[in-house]
Amino acid sequence: MSGLPHPVPVETSHLTKAFPAGFLGRRRVAALNDLSLEVRPGEAFGYLGPNGSGKTTTLKILMGLVSPDSGAARILGKPIADPSWRHRVGYLPEHPYFYDYLSPAEYLDYVGRLFGLPASVRRERSQRLIGLVGLERSSHVPMRRFSKGMSQRVGLAQALMNEPELVILDEPMSGLDPIGRRLVRDIILDLKAQGRTILFSTHILPDAETLCDRVGLLRSGRLLKVGRLDEILTQDARVEVLLSGGDAAVFASPALGVRSSQQIGERRRLEVEEKSLMPVLQAATASGARILSVTHVRESLEDYFFRQMGESAPDSSWLPGD
Amino acid sequence: MVAGRLKRVAAVAANTFRETVRERVLYNLVFFAILMTLSGLLLGELSIRQDEKIIKNLGLASMDIFGTLIAVFIGVGLVSKEIERRSLYPLLAKPLSREEFLLGKFVGLGFTLLVNVGVMTVGLYLTLVATGRGIDWSLLKAIYAILLSLLLTVALALLFSTMTSSTLAAVFTVCTVVAGRFSDVVRNMRDVSQAVPEWLVRLVYLVVPNFLNFDIKDHVIYGDPIGGGLLARLTIYAASYAFVVLGLAMLRFRSRDLT
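Which chain is which? The protein sequence lines are A and B, in order. For what it's worth, numbering that gives the first Met the number 0 labels the leading residue of the first sequence as 0, then goes sequentially. For what it's worth, numbering that gives the first Met the number 0 labels the leading residue of the second sequence as 0, then goes sequentially.
Hints listed in this document are in silico derivations from the structure and should not be mistaken for laboratory results. Possibly wrong hints are sitting among the right ones.
To be verified - With a Cα cut of at most 30 Å, we get these calculated DSSO-like pairs of lysine-lysine:
1. B/LYS80 / A/LYS147
2. B/LYS6 / A/LYS77
3. A/LYS191 / A/LYS147
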């Protein structure tokens, strides 16, 4: 790609959306509430949140599939109603389904025609993209025989058919096996290295941690936090202490600052606030415990997310590492 | 700009044609249509001096009936199934407007019906030739009128397909087509039952397209003169109705949230 894109790739301002619910749709359920968000040129932006938090609704509004009740959005500097940006954007919907009577090669050719690409370019790109997503051996097989993971790969290929500046992916790792997830991760990193902007929603926090420059955390249609991972995750540094022996009851006192205490075989693992480290070590030594190791642990995105979600037990729809 | 739009409509139409020719239901209906045409041979043997008319009547009726079934049952799924399966989402994120998509779907199924009616027309003429009857080119006038009514049926199926599920769309389309085919009964409904409000009768009669207008089979078979003026009027009637119905479908589809 020549040069970085200059306009703001994605910009939303006070987006609000509610859907009808209940008998005859008289009740309205809020899906998005005053969402203002900006995705910067060339970054990989992770859009995170549990099921029903409004991630897919946001992406559908950006793609013009759903209209907002109020607020505005711009893609590559253009209002979403302006179709000119559509030549420069790739989109993978959540749980994609493609015509099962077509093969990946036929489908990509169809997509290429919608972009007005000449036949030779369509042929070259579809072959290259089918190779990129690892479907060479199935390129002429009707997609009715495809697994969910294979459909997801076709979905990724179709999103790249126009060599987009901005790629919007809704749960791109969904339904993929570990090999598929690695492949998608590599593709996203490669797109980022080419200077393209990527906005993707995900449930899978370790993937977001690997790929994202910045993340936005969404809950119940509201944006809780936006920021760089290093900004977000160093705010709550912890220390892991491994012990053997000693009296476990010592660590039960809330005043000591032990966040968690687990017995693992002969050893005990303590998770301690950084500021409470010295008192904890002194208490451990006094109780006769032997200190095996003290390790600085950076908070994971998953830990951060659960803390932001109100320290509550994970939502049943939440699938860390899925 | 216009060339780009036409190319996109053509791409959707080509894909719709490919989709419909790979539908099993199409082949089942075509099989029964051919069977019905061939049954004219048998019935023709049983009738005295009416055999040619029976072959022609059954051939044209099978084109009409099975063409309508194809138009309804494939047509109602053209949009609603795409929404239910979400196959539409990646397409509408591309430089393809909802109006272009609908128009492409209409053209695609229209082309399928054209091919289908063409195949059945060849079958009917072959049957006539094989049984020693001459080729009656005036049958093409009735076939043209059938094709117009089928295109109008596709437009109605598409309209309902943008509004509701494929099952309900099928019910609404069938009701509209049946009401249109019995528009004389609808008009005289109050002669049978005074309980039906006059405004309702007038409304149904005016809104529902009069499919009886397209039924010129008997006139053609019995040799009544069918002028070019009648065919032109039928063309204008079908085109105007289809234009309005497709326009309504586009308006409805444009504002629909794809959730």
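Status of the hints after comparison with the structure:
1. This hinted pair checks out: B/LYS80 and A/LYS147 have alpha carbons roughly 19 Å apart, not beyond 30 Å.
2. The suggested pairing of B/LYS6 with A/LYS77 holds, with an alpha-carbon distance near 24 Å, which does not exceed 30 Å.
3. Of the supplied pair hints, the one linking A/LYS191 and A/LYS147 holds, its CA atoms being roughly 25 Å apart against a limit of 30 Å.
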